[in-house]
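Could you build the full structure based on these sequences and the hints that come with them?
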Amino acid sequence: MKKVIQISLTIIISAVIAFSCKKDKGNAPVLPPYATMHIDFSNFTSLKKSALADPGAKGTESSTWQFAATIAGVWNSLISSNIAIPLAAYDSASNYNAVYVSQNYWQWS
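So the mapping is simple: my numbering equals the position in the sequence shown, first residue as 1, plus 50.
One should not assume that every hint holds.
Computed spacing ranges between beta-carbons, pair by pair [stated by the list, open to error]: (1) PHE117 to THR86: 24 to 34 Å; (2) ILE62 to ALA85: 52 to 62 Å; (3) VAL149 to ILE129: 50 to 60 Å; (4) ILE133 to SER159: 16 to 26 Å; (5) TRP125 to GLY76: 14 to 24 Å; (6) SER112 to PRO79: 16 to 26 Å; (7) TRP156 to SER58: 39 to 49 Å; (8) TYR150 to LYS52: 38 to 48 Å; (9) THR60 to ILE135: 54 to 64 Å; (10) ILE129 to PRO79: 21 to 31 Å; (11) ALA78 to ILE135: 30 to 40 Å; (12) LEU81 to THR120: 27 to 37 Å; (13) ALA139 to THR114: 33 to 43 Å; (14) TRP115 to LEU81: 28 to 38 Å.
FYI, nobody ran anything at the bench for these hints, they're computed from the structure.
Only a predicted model underlies this, so the values are computations on that prediction, with no experimental measurement involved.
Ideal placement from N, C-alpha and C gives every residue a C-beta, glycine not left out.
Right, dumping it as C-alpha cells:
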C-alpha cells in the first residue's frame, strides 16, 4: 500500500510540475509616442517688443523671464546634443515589431 501511495504521489507531482511551468509570453510592451521624448519649451518663446502683454502673461519679457529662458535654452541644447543618437534609435525602433527573446525580455531589431 505504501508503494502505491508513493508511486501515485510521484505521478501527481510530476504532472503538476510538467503542466504548471508553461510560460506565457504575453503581449509586447507598447512604446510611448516619439513626441513624448521632447521637452516642451513653448513657454519660452519671446514676444515682439511692439506687442503689448500683461505683466504675468506667458512669454512676458522681464529679467526673471530672461534668466529662466537662458537656463531653459542651455538645458535644451545640452539635452538635445546628448540624446540625439538614442532618440534616433528610439524613433527607428517604433517602426518595428518587438520579438520575444527570453524571460520578459523583448527586442526591437
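Query raised in the report: Between ILE133 and SER159, is the Cβ distance one that fits in 16 to 26 Å?
Result: holds (21 Å)
Query raised in the report: Cβ-Cβ distance between ILE62 and ALA85: within 52 to 62 Å?
Result: Roughly 55 Å apart at Cβ, these two residues keep to the hinted range, so it holds.
Query raised in the report: Does the Cβ-Cβ separation between SER112 and PRO79 fall within 16 to 26 Å?
Result: violated (45 Å)
Query raised in the report: So does PHE117 sit 24 to 34 Å from THR86, Cβ to Cβ?
Result: holds (27 Å)
Requested in this report: Check the following: the C-beta atoms of ILE129 and PRO79 are separated by a distance inside 21 to 31 Å.
Outcome: holds (24 Å)
Query raised in the report: If you check the beta carbons of TRP125 and GLY76, does the distance land in 14 to 24 Å?
Result: Check failed, 37 Å falls outside 14 to 24 Å.
Report task. Please test the hint of 38 to 48 Å on the beta carbon pair from TYR150 and LYS52. Result -> holds (46 Å)
Query - SER58 and TRP156 - C-beta distance against the hinted 39 to 49 Å - result: holds (41 Å)
Query - Range hint 33 to 43 Å (beta carbons of ALA139 and THR114) holds or violated - result: holds (38 Å)
Query raised in the report: Measuring from beta carbon to beta carbon, are LEU81 and THR120 in 27 to 37 Å?
Result: Given range 27 to 37 Å: holds, Cβ gap about 33 Å.
Query raised in the report: Do the Cβ positions of TRP115 and LEU81 conform to the proposed distance bound of 28 to 38 Å?
Result: holds (35 Å)
Requested in this report: Confirm or reject the claim that ALA78 and ILE135 have a C-beta distance inside 30 to 40 Å.
Outcome: violated (24 Å)
Figure legend: structure checked against the earlier numbered hints; hints not met, in rising order: 3, 5, 6, 11.
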